[in-house]
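Taking the hints into account, I'd like the entire structure generated from these sequences.
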Amino acid sequence: MKLSSLLIAAALSTTPAMAFAHGPSVGPHGGPVADAGSYHAELVLQGNDIVLYVTDGSDKPVDVTGAKAEATILANKQTQKVTLEPAGANTLKGPANLSATHDGVKVVTALTMPGQKPVQARFDMGHAGH
Amino acid sequence: MIPRRLSAAAMIAAGLAAPAATPVAAHEGHDHGDAPKPVIAATVPTLEASSADFELVAVSRGGTLLVYLDRFATNQPVTGATVEVSADGETVTALPVSGEEGVYRLQAGWLSKPGPHDLTVSVTAADAADLLIGTLEIPADAQPAGAGGGHGVSAILGQVRNDPGLLLGAVMVFLLGVLTTIALTQRGRARAAAGAALIGLGLLLASGAAFAHGGEDHSHGDDTKGKVPGVAAPALYGAPDSPRRLPDGSLYVPKPSQRLLAVRTTVAKPQEAARTVQLIGQVVADPNGGGHVQATQSGRIEPGERGLPYVGQRVEAGQVLAAIAPAVNVVDRSGIQQQIATVEQELVIAESRAQRLRKLEGNVPQRDIDEAEANLNGLRKRRAALSPTLTTKEALRAPITGIVTANNVKAGQVIEGRDQVLFEIVDPSRLMVEALAFDPRVANAIKTATAATADGANLSLELLGSSLALRQQAIPLLFRISNPPSGLGVGQPVRLVAQIQGTASGIVLPRQSVVRGASGQPIVWQHESPQRFVARPVRTQALDGNTVLVLAGVEPEARIVTEGAGLLNQVR
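Residue numbers (my numbering), protein chains in the order written: chain H, 1 to 130; chain P, 131 to 702.
A portion of the hints provided could be inaccurate.
[Said to hold, decoys possible] EDC-like, lysine to aspartate or glutamate: derived pairs with alpha carbons at most 20 Å apart:
{"no.": "1", "chain 1": "H", "residue 1": "Lys77", "chain 2": "P", "residue 2": "Asp257"}
{"no.": "2", "chain 1": "H", "residue 1": "Lys68", "chain 2": "P", "residue 2": "Asp257"}
{"no.": "3", "chain 1": "H", "residue 1": "Lys81", "chain 2": "P", "residue 2": "Asp248"}
Think of the hints as simulated: they come from the structure by calculation, not from any bench.
So this is what it looks like as structure tokens:
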């Protein structure tokens with residue numbers, strides 16, 4: 001019985017931890033990849049747009065129609081909030097006000113898939129090559 | 131019985147800081163849940179988050195959120211940062227708690243709403259800025275804790291931190307609690323619970339939270355051995371939790387306790403370092419920097435102009451330390467006096483003869499006059515040589531400049547023989563260290579060395595040479611101390627760490643990082659997550675007096691406790 005109670009506790013406690021635990025991994029679009037709930041999300045800065053690619057756990061694209069996302073961007077010690085809209089297939093896109101230097105930019109996204117609760121993900125764009 | 135355990139297990143998980151908001155869909159690819167971490171039962175809703183720069187622990191107490199902000203690498207509290215917490219679409223700026231370093235407080239409505247809250251914390255410090263995320267789970271029964279408690283907590287908190295006496299008292303009480311627990315665990319679990327309560331009391335005082343929490347049942351020591359300690363704690367909302375050892379041997383140390391123990395860490399970085407050997411040695415005086423004062427004849431000691439030197443006095447080279455009035459026995463004395471009388475008698479005769487001859491100059495041969503003059507001069511010199519033998523004293527002078535280390539005489543003492551050492555003088559700037567090497571290959575391979583004394587002073591040494599003759603089957607090695615600190619004494623034992631040829635790869639840590647584990651093996655404490663420390667058994671090699679090289683047992687990039695490791699080791 002002791003074992004079973006511990007197992008239940010372990011099962012309940014092994015929930016997704018924070019994204020940084022995975023270390024930096026780079027997605028197919030050249031941006032950092034983080035866990036967002038049961039999904040994987042890749043964030044790319046394209047000029048002044050920020051683009052979020054959503055895949056499932058096995059990196060297959062997920063249709064994001066009806067989803068919404070909000071990004072909090074920290075650049076040059078200033079935070080700004082950007083709403084990301086679905087932009088076809090598995091991408092969400094939104095305009096951000098980024099200065100020329102993208103060094104040390106940190107982004108937190110709150111992704112709300114249709115009919116689900118918002119899930120957070122954290123991206124460190126520090127040395128992503130932009 | 132089973133439902134009770136199930137509910138207990140559920141409570142373990144419910145009390146967790148781990149974000150449990152999202153549905154966990156198991157999927158292949160990689161493991162979203164990380165390696166299963168040991169269960170840490172926090173007694174209050176807690177959020178832990180960290181990034182490359184910061185480590186953050188947020189604790190909810192009633193309607194107040196306390197944010198502890200530290201540097202990720204060093205565990206040093208971050209002061210003067212701007213902390214903004216966003217949750218449920220509401221952004222609140224946390225204000226620094228006065229009198230506390232790196233603690234920020236905020237009040238928000240959502241803190242009273244049960245359920246998971248996704249937090250985004252924006253941190254802007256002087257040199258770095260970051261965004262941190264995490265989920266704070268507010269349990270359904272959390273509201274009753276007094277909403278106005280925050281002010282009371284901070285006031286007492288500030289008072290305790292500002293008053294060194296109170297702080298010291300808090301530390302003492304805390305340690306007392308720890309020790310009491312150790313003493314009591316030997317005698318049954320009921321007493322262990324009492325000891326644990328004592329720790330709790332110490333912590334209560336230490337962190338300044340004044341919530342009275344008597345009456346609750348800390349069922350630490352009940353019959354379910356597999357149960358995690360503190361599982362019954364969810365009933366304890368509002369009371370701070372105490373540092374404790376978890377069943378897997380790791381430590382749960384809440385942030386307030388870490389601040390109290392001043393726990394600091396360093397990030398392990400592999401380095402190449404010279405291989406070393408340890409030797410035992412002692413401080414000796416340089417033959418050119420040490421001197422003995424001895425008498426050449428027997429006699430009576432008389433103080434010099436400035437009195438007899440005392441031990442510890444600084445003397446200059448050539449300074450008269452004492453004088454010896456020669457001891458002449460009666461027979462010798464009368465012989466000398468007899469000689470003086472004879473010489474004086476002859477002197478009188480010779481003087482009158484010489485005078486007479488000088489008056490007759492020209493009438494007597496010049497040869498006679500010269501003879502009489504020469505005889506007179508010779509007699510005068512004899513008398514001059516004889517007369518002071520009874521009164522002349524021998525001055526004892528300091529052979530070198532230095533400190534008097536031994537004084538074996540007193541005024542008026544009669545000394546016999548020449549072997550007696552009257553004073554010893556050592557030049558403290560020219561001390562040496564002599565060490566014994568039992569392995570000839572080691573003796574030949576040593577290039578440089580450092581030494582540490584028992585009181586922690588560090589000496590850098592330079593090899594002068596090694597003896598060709600063995601002493602007690604060992605080779606004596608002589609080192610010069612490059613920077614002799616004050617207070618070093620001849621004969622003081624020192625521990626030498628000598629660098630020999632070849633290098634070893636490992637992680638350089640301060641000596642205080644390495645402590646002894648329960649079974650006596652050397653361990654270091656790794657700061658694994660914000661409030662959890664794990665013991666890592668290590669294999670070490672001394673690098674110099676203050677640092678060690680960890681050859682195995684620590685992964686690169688791990689955060690290892692440097693300051694406060696000894697105190698962490700006391701947590702039971």
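### Query
Which of the numbered hints are not met once you compare them with the structure shown?
2
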